[in-house]
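Chains as they are written, first to last, in the numbering used here: chain V, -6 to 278; chain L, -6 to 423; chain P, 92 to 395.
I should point out that these hints are in silico values taken from the structure, not numbers from a laboratory.
By construction, the Cβ of each residue, glycine as well, lies at the ideal position given by its N, Cα and C atoms.
Check before you lean on any hint, since a few could be wrong.
What the hints assert, rightly or not - The list that follows gives simulated cross-link-like pairs (lysine-lysine, DSS-like), each with its CA atoms no further than 25 Å apart: (1) L:K26 to L:K331; (2) L:K(-3) to V:K186; (3) P:K102 to V:K174; (4) L:K132 to P:K144; (5) L:K(-3) to P:K102; (6) V:K174 to L:K(-3); (7) P:K317 to V:K104; (8) L:K132 to L:K331.
What the hints assert, rightly or not - Sample of chain L residues with no beta-carbon within 12 Å of chain V, all distances over it, derived: (9) N53; (10) G131; (11) T158; (12) D286; (13) T369; (14) S403; (15) V418; (16) L419; (17) H423.
As the list claims (entries may be wrong) - Below, a sample of chain P positions facing chain V; criterion: calculated Cβ distance under 7 Å: (18) L110; (19) P113; (20) L117; (21) F122; (22) Y193; (23) S211; (24) S214; (25) G276; (26) F332; (27) E336; (28) A373.
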Amino acid sequence: MSLEYSPWNWFRDRFTRVVGLLVLILWSITAVYPLLWATFTSLKTREELFANTWGLPSNPQWSNYVYAWGTGNMGAAFVNSIIVTSLSIVLLFVISPMAAYALARAEYRGKGTILYILLAGMYIAPQVSIVPLAILLQSLGLMDSAIGLVMVYVASGLPYSIFISRLGFLSIPSSLEDAAKVDGLSTFQTYRKVALPLALPSVFIAMILEAIFIWNDFLYPLVFITSPDKNTLPLGLFRFQGSYLIQYGPLAAGIMISTVPLLILYILFSERIKKGIAAGIGVKT
Amino acid sequence: MQRKYLYATTAIVVIVIAALAAYWAWQMQPTTKTLDFWAPFSGEQATTDFWGNVSEAYKNQTGNTIRISMYSGDEFFTKLTTALGSGSPPDLFVTYGGGELDTYVNESAVADISNLYTESWAQSQIGAGVKDAITRNGKQYALPYELQTDWLFINRKVFENANVTIPTMDTGWTWDQFIAASNKIKAAGIAPVAMSGADSWSLSFPACYIHERANGANAFKDALTRTTNFTDSYTKAYSQLKQWVDGDYFQTGWATTHFYDAYQYFQAGNAAMFIQGTWAVGMVSNNANMTLDVVQWPYLPDQPTANKVIFGSSTNIAVAAASTHKNEAEEFLRFISKPEWQVKYAKDTTGPLAQTVTLPSGTYPSTMNTVLTAITNTPTLILRYGTMAPKDLGATIDEQNLLVFTGQKSPADAAAAIEAKAVQVLGPVH
Amino acid sequence: MVKLRIKTGSKRIIARYLLLLPTLLLYFLFFMYPVINGLSLGLYKYSGVSQVKYFIGLRNYADIAIDPQFHNALKNTFIITVVNSIVQFVAGFSLAWLARKYVRVGSIFLSVALIPIVLSFVSVGLMWTWFYNSSFGLLNGIFDFLHVNNALNFVGLPSIPRSLTANPSTALFSVLLTANWHGIGLYAVIYSAGLRSISPSIYDSMKVDGLSDLQKIRRVIFPMLKDTIALALVLVIAASFKIFELVYVLTGGGPGRLTDVISLYLYRYYASFQAGYASAVAFYMLIIGLVLVVIQFKFLRTEK
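Construct all of the structure, not just a fragment, from the sequences and the given hints.
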């Protein structure tokens, strides 16, 4: 041990330890509390919410959930959200890693330009293309349809997914790819058998983040879905707001209905997610 | 091995397409006619219930379905604009007339429904005033349904507790009396006025009245027709407004409070006054903390008290020009104009009717009757300025209201901004 | 042997283009084409409710360039982007470091850190509106409980205003606080993964050197995690630049226009029959976005 380990050092280490732990614990609490609060709110009556805003509900009003699901149409919205999100993710999962692989290591004409154009898409706000997209969808007969939404989400999700997946492909040692080439594998086979399995964690991360985005997105369904029964969850939430009366109980229930599926996904896959992030961040040593 | 994969990929793609196609087909099943009706209404239960009831009755009678969707403010216009612009509009939608309707008519977005007005029910029920509001070039383009006017609502209990005299509808009160009352209420620990800065449309109500009090009833219209400019009248109005705002008479945090929170504040007895349209009557309920009443907007010292003006607008329903169900849409308009539905609307939602229908006594609460009497006694009903102007100019006025209210722009600069926009949209003063 | 020869060269190139094909098709049809089309609308006075439009050349662009409200929105967006990037980097990294150092508590932390990001911006905005409420808000309750204002006044500082979202000096701060609360968890997890991917031998060797934690981090860890940091920065910047629902629900751009951001500015014009003008704003956003991409490539080298 170092001779310089004076009482001052001991005190400093203890102090930093306490502070460090405190920070972690406090942050964990703040990360969790709002969701807990939403749960409590969803089980209170309006009166109780104003009387006892921050504590536990005394008399759980499950009726809020029933109301939200049925009258509030969250049930239908839930199904619609599942359909749109899962179909978008499936499509993205099939086509974006392919593109990410093609844009990873190899050099060929146009690669740089294509990459630029794709990544620039990450910075474009959705409002930019709303009117022309609406006209386009209308002319294709895809307005007010799940297909239309899926196409839009896939197209706008490509930059993000490709960006993240690509990092996964870049972290594969090139020796593996060379070996595959020597073995006589076609590009596609190399992709499917060698590259994709190794880059899968990155792709996985991209898919999860995209899924969260699509599930929670509000603007595209607002303008492209006109039939009330085809609303997705974020639009369904709107119903409880109105300008006049906020029905807080059902609104919070709606928030919970919108969030729980993602939470379940998260709990199920949290290990995978962390592994994915780790693998995607290939460290260059 | 390669082939297996090929099969697998093809299978996935086929399944995805099949799923989408099935879902799409399921949604596309043709049934009897379905019409869409969009309204920028609230989620207020009584309103939602009423429209649910009437559409169901309509379905029972004709077999056609009316799907009613309600969205608030900006969402409504974002959606409606996109739907109209892409050629897939709802069959029926709400318009407040004024500049908004001008745009719709000029760009052929709404259908000409003058034929409805030749029918006997329309001739007896739709008065000249509300008919004019939706007439352009001699043709009618919407059906008036509700007539909203803007008032200074008060909580009698708060006034009484603070020992403040409540002005009657006939005498009204002067600006100085209004400020004195506000000071007294403030001293008693209650916020004089509940404001909702996060919903900037609500700021236009006091702004309109102050402008009219400061400049007279014709000033805005003259500026709109480019006979005079906006700078002078709005500098005067905004200076008066700023004086009022600087007195700090609004509840804490009003600048980012939404309309419904301000309403609740008022309902709970934490604010003495609430400047709103007649829908407030249906929202606010009398209880231990609240007795709702309505008073006139105060008069400035140099204004004759006999000058009575009310601001408001009619809620109208238009038929989209691109609608493929125009006949059914007009049928629905006829249906909801039937006296029994008009009466039911009045009773359920306490919304003041735009059409003239005999109402059984006791349909409206007393506050609404006070309002209705006042409307009958008032010679001039002015369309809210933001509605009267073309929508883009209206948006600028709205924004300048907001900036002056929150002290982010001086009265002179705000007035100049309005004039600049007016020049751009309407041309210079001539 | 012959097979081997054919599989090189041009066939590989074609294969790559084929891999890109579905992406390019969808991307151009449903993204680029509408975007470019939309941008062209900026040259018109266009209400958006029909096909009627009047060509006015660059007038919209000029009006936007001189509009003080646009500058205001631009300024706020810029502040939000910069602050978010710094905070989410510093806080995210610190939390990741702490989580690694104190493993048991750290693992609990890591398992809940991603919860905020799962919530939609609308939900987050709605909840935080309640937290910030001036009369019964949670934050005010905590401040009162801890006698924060008393402490502040004691040292001569002003009290914290009752309504953080409505007070001009704290409004933007409240938006930043909520936005960062939402986002930090993701970056903490990303950095945590990055830290884990560094081999333990590096950590061991650092211990022997006797350097303080901060020095260790700066001199050794950062260079190794350059790519991770670059990735995180790109994600934060792209998201902050486009921020919309959160501000809309929390402050509406207010008080007045003090927390206005570009996408809100655009949205308002679109909703007031000024779709041509809104498209021109979108064009400005695109230009700024392209600049950001160039910066990303040049300085962060994420293409390698």
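Here's how the hints hold up against the structure:
Of the supplied pair hints, the one linking K26 (chain L) and K331 (chain L) holds, its CA atoms being roughly 22 Å apart against a limit of 25 Å. For a cut-off of 25 Å, the pair hint linking K(-3) (chain L) to K186 (chain V) stands: about 13 Å separates their Cα positions. Our distance criterion of 25 Å between C-alpha atoms is met by K102 (chain P) and K174 (chain V), whose separation comes to about 12 Å. Proposed proximity of K132 (chain L) and K144 (chain P) is supported: the alpha carbons are some 24 Å apart, at most 25 Å.
Distance check on the hinted pair: K(-3) (chain L) and K102 (chain P) sit about 22 Å apart at the alpha-carbon level, within 25 Å; holds. Of the pairs offered as hints, the one joining K174 (chain V) and K(-3) (chain L) holds, with about 21 Å between alpha carbons and a cut-off of 25 Å not exceeded. For the hint pairing K317 (chain P) with K104 (chain V), the CA-to-CA distance comes to about 24 Å; that is within 25 Å, so the pair holds. Under the criterion of a C-alpha separation no larger than 25 Å, the hint pairing K132 (chain L) with K331 (chain L) is consistent with the structure, at around 22 Å.
Every C-beta of chain V lies more than 12 Å from that of N53 (chain L), the closest at about 20 Å, which supports listing it as non-interface. Residue placement check: G131 (chain L) keeps its beta carbon more than 12 Å from all beta carbons of chain V (closest about 32 Å). Separation of T158 (chain L) from chain V is adequate, the least Cβ-Cβ distance of about 31 Å exceeding the 12 Å criterion. Listed as a non-interface residue, D286 (chain L) keeps its Cβ farther than 12 Å from every Cβ of chain V; the least gap is roughly 20 Å.
The beta carbon of T369 (chain L) is kept farther than 12 Å from every beta carbon of chain V, the shortest such distance being approximately 27 Å. No Cβ of chain V approaches the Cβ of S403 (chain L) within 12 Å, the least distance being about 31 Å, so the stated non-interface status holds. No Cβ of chain V approaches the Cβ of V418 (chain L) within 12 Å, the least distance being about 21 Å, so the stated non-interface status holds. At the 12 Å boundary, the C-beta of L419 (chain L) stays outside the reach of chain V, the nearest C-beta of that chain being 25 Å off.
H423 (chain L), annotated as away from the interface, keeps every beta carbon of chain V farther than 12 Å; the closest lies near 34 Å. Because the beta carbon of L110 (chain P) sits about 4 Å from the nearest beta carbon in chain V, less than 7 Å, this interface hint is met. Restraint check, P113 (chain P) versus chain V: the minimum CB separation of about 4 Å is within 7 Å; hint holds. The beta carbon of L117 (chain P) comes within 5 Å of a beta carbon in chain V, closer than 7 Å, and the hint placing it at the interface holds.
At a threshold of 7 Å, the smallest CB-CB gap from F122 (chain P) to chain V is about 4 Å, leaving the interface hint in force. Hint on Y193 (chain P) holds. Least Cβ distance to chain V is approximately 6 Å, under the 7 Å limit. Taking 7 Å as the C-beta cut-off, the interface hint given for S211 (chain P) holds, the closest approach to chain V being about 3 Å. Below 7 Å, beta-carbon pairs count as interface contacts, and S214 (chain P) has one with chain V at about 5 Å; its hint therefore holds.
Interface hint at G276 (chain P): satisfied, since its Cβ lies 6 Å from the closest Cβ of chain V, which is below the 7 Å cut-off. Residue-level restraint check for F332 (chain P) holds (minimum Cβ-Cβ distance to chain V is 6 Å; threshold 7 Å). For E336 (chain P), the shortest C-beta to C-beta distance to chain V is roughly 6 Å, which falls under 7 Å, so the interface hint holds. Interface hint at A373 (chain P): satisfied, since its Cβ lies 4 Å from the closest Cβ of chain V, which is below the 7 Å cut-off.
Checked against the numbered hints given earlier, this structure breaks none of them.
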